[in-house]
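Student: The lines below spell out each chain.
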Amino acid sequence: MSIIEINNLHFSYTKDEEILKGINLIFDEKSTAIIGQNGAGKTTFVKLLKGLLKPTWGDVIIDGKNTKEYTVANLAPTIGLVFQNPNDQIFKNNVLSEVMFGPLNIGMDESKAKDSALKALKMVGLEEKINDNPYDLTLSERKLISIASIVAMNTKIIILDEPTIAQDYISKEKIKDIILKLKSQGKLVITITHDMDFVAETFERTLVFCEGRVLLDGKTDYVFMQDEELKKAHLEPPYAAQLCRKLNSDKIYITVEEFIKANKR
Amino acid sequence: MDKIVVENLKYKYPLTDKLVLNDISFKIEKGQFIGIIGQNGAGKSTLCQAITGLVPLFFKGAYGGRVLVDGIEVAKSNISDISLKVGMVFQNPFTQVTGSKLTVYEEVAFGLENIGLNREEMKNRIDEALNLLGIYRFKDRNPFDLSGGQMQRLAIAGIIAMQPDVIILDEPTSQLDPQGSEEVFKAVWDLKKRGITIIMVEHKMEKIAEYSDKVLLMHDGKVIDFDTPEKIFSRDDLMQYGVIEPAYTRICKAFDIKDSGLYPVTLDRACEMVVKYNEHN
Ligand SMILES: Nc1ncnc2c1ncn2[C@@H]1O[C@H](COP(=O)(O)OP(=O)(O)OP(=O)(O)O)[C@@H](O)[C@H]1O
Ligand SMILES: Nc1ncnc2c1ncn2[C@@H]1O[C@H](COP(=O)(O)OP(=O)(O)O)[C@@H](O)[C@H]1O
Ligand SMILES: [Mg+2]
Ligand SMILES: [Mg+2]
Chain A
14 MSIIEINNLH FSYTKDEEIL KGINLIFDEK STAIIGQNGA GKTTFVKLLK GLLKPTWGDV
74 IIDGKNTKEY TVANLAPTIG LVFQNPNDQI FKNNVLSEVM FGPLNIGMDE SKAKDSALKA
134 LKMVGLEEKI NDNPYDLTLS ERKLISIASI VAMNTKIIIL DEPTIAQDYI SKEKIKDIIL
194 KLKSQGKLVI TITHDMDFVA ETFERTLVFC EGRVLLDGKT DYVFMQDEEL KKAHLEPPYA
254 AQLCRKLNSD KIYITVEEFI KANKR
Chain B
145 MDKIVVENLK YKYPLTDKLV LNDISFKIEK GQFIGIIGQN GAGKSTLCQA ITGLVPLFFK
205 GAYGGRVLVD GIEVAKSNIS DISLKVGMVF QNPFTQVTGS KLTVYEEVAF GLENIGLNRE
265 EMKNRIDEAL NLLGIYRFKD RNPFDLSGGQ MQRLAIAGII AMQPDVIILD EPTSQLDPQG
325 SEEVFKAVWD LKKRGITIIM VEHKMEKIAE YSDKVLLMHD GKVIDFDTPE KIFSRDDLMQ
385 YGVIEPAYTR ICKAFDIKDS GLYPVTLDRA CEMVVKYNEH N
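Going down the list, the protein sequences come from chains A and B. Everything in the first sequence is counted per this note's numbering, starting at 14 for the first residue and increasing by one. Everything in the second sequence is counted per this note's numbering, starting at 145 for the first residue and increasing by one.
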């Protein structure tokens with residue numbers, strides 16, 4: 014069974030502008046990246062999946078439940094969303110209670126919630142900051158806390174809206190490992206990002222959003238070879254692919270590692 | 145004369161014991177584009193705030209050494225004087241946008257009100273900045289109804305409209321789409337051409353390598369190196385500082401493709417050198 018089904022989805026914030034203009038998609042267990050220009054409707058789309066917004070037209074079906082017929086609270090045990098802006102998500106004055114809030118809210122008991130929160134904090138590398146006030150931490154750390162808060166809820170679907178904002182190389186690698194680990198646990202991970210190299214290195218499937226529609230959908234290496242469409246969506250291929258193009262190579266590699274491996278003799 | 149001089153700068157936030165800036169010294173000439181790199185927590189944002197005077201005028205704490213802009217010591221000036229000369233785009237656009245203004249247009253106007261421009265000039269500058277960042281069509285929109293990337297564009301527009309002598313940008317393109325990010329680097333490059341001094345913190349090493357005159361590599365509150373992008377990214381110990389080379393440099397390092405001991409750091413140069421290497425092998 015498909016985990017998420019989207020049928021003819023339309024959405025508008027105001028009368029004068031339609032933001033999503035008819036989206037049909039099916040998500041299965043493949044880890045999926047969503048890329049596209051600023052304002053394309055990516056964040057709006059994942060807020061619809063989470064049930065925070067309801068379709069103006071069409072249906073969003075999450076694990077068999079139509080979001081029109083369920084509240085955000087009903088859906089919360091199934092689908093978790095890490096917000097683009099961590100300040101929209103963080104409101105407790107202690108890191109551990111912040112991360113425990115979600116698990117408690119979906120009905121985990123105190124000791125299980127604590128256990129789950131500590132594990133998630135360890136995953137993001139913040140186990141030493143459990144007693145800090147999130148507001149004293151830097152943007153990159155607040156972003157990692159908001160990731161831990163969702164991971165701790167152990168939902169079947171996890172959505173990350175621009176998780177690599179403000180992250181250095183090491184934290185990006187850490188986030189990549191987290192995504193791969195969640196995937197190996199059988200979860201569906203959907204990630205919005207503007208980091209093309211991160212997409213090439215991490216995701217099986219990539220969707221390109223352009224002005225409220227899905228312009229491309231396919232395996233990541235296929236998507237990154239469609240130069241014309243990428244340009245139209247204000248995107249670029251990953252750096253290794255740019256070098257391949259410039260060298261007029263027959264074969265396009267989308268990651269530095271693949272490029273090196275293929276050319277070593 | 146040097147535009148910015150930092151001398152033996154030391155700083156500790158109140159209530160913590162760590163020196164987040166630990167004896168930092170360097171100089172920047174007028175019209176240079178300086179990239180600052182280093183891992184999370186290295187002290188990049190704090191250093192930026194020390195150049196704007198926010199450290200120590202707003203953020204108190206233990207402070208030693210000096211920061212001079214045009215020969216004037218920032219710690220002995222007042223914030224509003226410095227802000228006419230040095231503009232800063234903060235790391236988090238969600239905190240830069242004041243929220244006290246109803247529209248995108250007013251948000252940009254807010255910064256300009258203190259400069260004493262006539263209405264005409266003010267309108268021109270705002271329109272120009274909004275167009276440059278591709279958000280003119282949202283000028284009557286509430287800033288909080290923008291997407292994340294649009295809000296980041298607004299934060300940059302607000303500073304560019306002020307036309308300060310020095311512009312500091314702390315990870316200004318983290319939420320921009322690839323073309324938008326390239327456009328911001330190009331726009332900033334144009335400002336540099338007009339004599340504006342640019343300091344930019346970025347994790348996008350490919351862009352830093354392409355646009356910076358010099359790169360300041362920071363680690364644990366110290367300056368590790370301050371040199372050209374080729375020299376910085378040819379170092380073999382970058383990993384130790386949580387920094388990775390541009391993708392093109394990584395590829396060339398793997399095949400030991402270099403020229404006079406230096407690896408290429410941009411797409412064009414890497415391509416040239418790979419072609420030459422293939423001819424000889
Ligand atoms: N509350 C709102 N009211 C009106 N318009 C909105 C609101 N929130 C977003 N929009 C508009 O909807 C469009 C899509 O916004 P969305 O946040 O989904 O974009 P996005 O693809 O996530 O962009 P980014 O990459 O910049 O985060 C944008 O043009 C934005 O200005
Ligand atoms: N307001 C603050 N109070 C106390 N410590 C802070 C504050 N802001 C940053 N720090 C600490 O100072 C160090 C440097 O932070 P920062 O300048 O933000 O680094 P970077 O920008 O390189 O990631 C970090 O250890 C960080 O936790
Ligand atoms: Mg968004
Ligand atoms: Mg910073």
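Treat the hints as calculated values from the structure; they're not laboratory data. Owing to the predicted nature of the structure, the values given are computational and were not obtained by experimental measurement. Backbone N, C-alpha and C define an ideal beta-carbon position, used for all residues, glycine too. Heads up, a few of these hints could be off.
Straight-line Cα separation of at most 25 Å, DMTMM-like style, residue types lysine to aspartate or glutamate; simulated pairs [said to hold, decoys possible]: (1) B:K330 - B:D364; (2) B:K402 - A:D234; (3) A:K200 - A:D234; (4) B:K348 - A:D29.
From chain A, some residues computed to sit far from chain B (all C-beta separations above 12 Å) [said to hold, decoys possible]: (5) K34; (6) L38; (7) I74; (8) G77; (9) A86; (10) K105; (11) N106; (12) N118; (13) N167; (14) E175; (15) A179; (16) K185; (17) A254; (18) I273; (19) K277.
Ranges of calculated distance between the beta carbons of each label pair, as one might list FRET restraints [what the hints assert, rightly or not]: (20) A:E141 - B:N286: 38 to 46 Å; (21) B:Q384 - A:S124: 55 to 63 Å; (22) B:S169 - A:S25: 30 to 38 Å; (23) A:K189 - B:E264: 23 to 31 Å; (24) B:S169 - A:D41: 18 to 26 Å; (25) A:D240 - B:D334: 25 to 33 Å; (26) A:S25 - B:E423: 51 to 59 Å; (27) B:Y280 - A:L193: 48 to 56 Å; (28) B:Y280 - A:Q198: 23 to 31 Å; (29) A:D240 - B:D167: 42 to 50 Å.
Student: Sort out whether B:D364 lies within 25 Å of B:K330, counting only the CA atoms.
Tutor: Violated, at about 31 Å.
Student: Would you check whether the claim that A:I273 is not at the interface survives, using Cβ distances to chain B and the 12 Å cut-off?
Tutor: Answer for A:I273: violated, closest chain B Cβ roughly 4 Å.
Student: Using the beta carbons of B:Y280 and A:Q198, state whether their distance is inside 23 to 31 Å or not.
Tutor: 46 Å, violated
Student: Looking at A:L38 again, its CB stays over 12 Å from all of chain B?
Tutor: 20 Å, holds
Student: Over 12 Å to the closest beta carbon of chain B is the bar; see if A:K105 clears it.
Tutor: 18 Å, holds
Student: Mind checking the hinted window 48 to 56 Å against the Cβ distance between B:Y280 and A:L193?
Tutor: 41 Å, violated
Student: Evaluate the condition: distance from the CB of A:N118 to the nearest CB of chain B exceeds 12 Å.
Tutor: 24 Å, holds
Student: Kindly confirm whether 30 to 38 Å is satisfied by the beta carbon distance between B:S169 and A:S25.
Tutor: Hint violated: Cβ distance 55 Å, outside 30 to 38 Å.
Student: Taking 12 Å as the cut and beta carbons as the points, is A:A179 off the interface with chain B?
Tutor: Non-interface label fails for A:A179: nearest chain B Cβ at 6 Å, not farther than 12 Å.
Student: Starting from the hint 55 to 63 Å, judge whether the C-beta atoms of B:Q384 and A:S124 obey it.
Tutor: For A:S124 against B:Q384, whose Cβ atoms are near 40 Å apart, the range 55 to 63 Å is violated.
Student: For A:E175, is the shortest CB-to-CB distance to chain B above 12 Å, so the non-interface label stands?
Tutor: 6 Å, violated
Student: Given the hint of 25 to 33 Å, is the C-beta distance from A:D240 to B:D334 inside that range or not?
Tutor: Check passed, 27 Å falls within 25 to 33 Å.
The structure fails hints 1, 2, 4, 14, 15, 16, 17, 18, 19, 21, 22, 23, 24, 27 and 28 (numbered hints given earlier, in ascending order).
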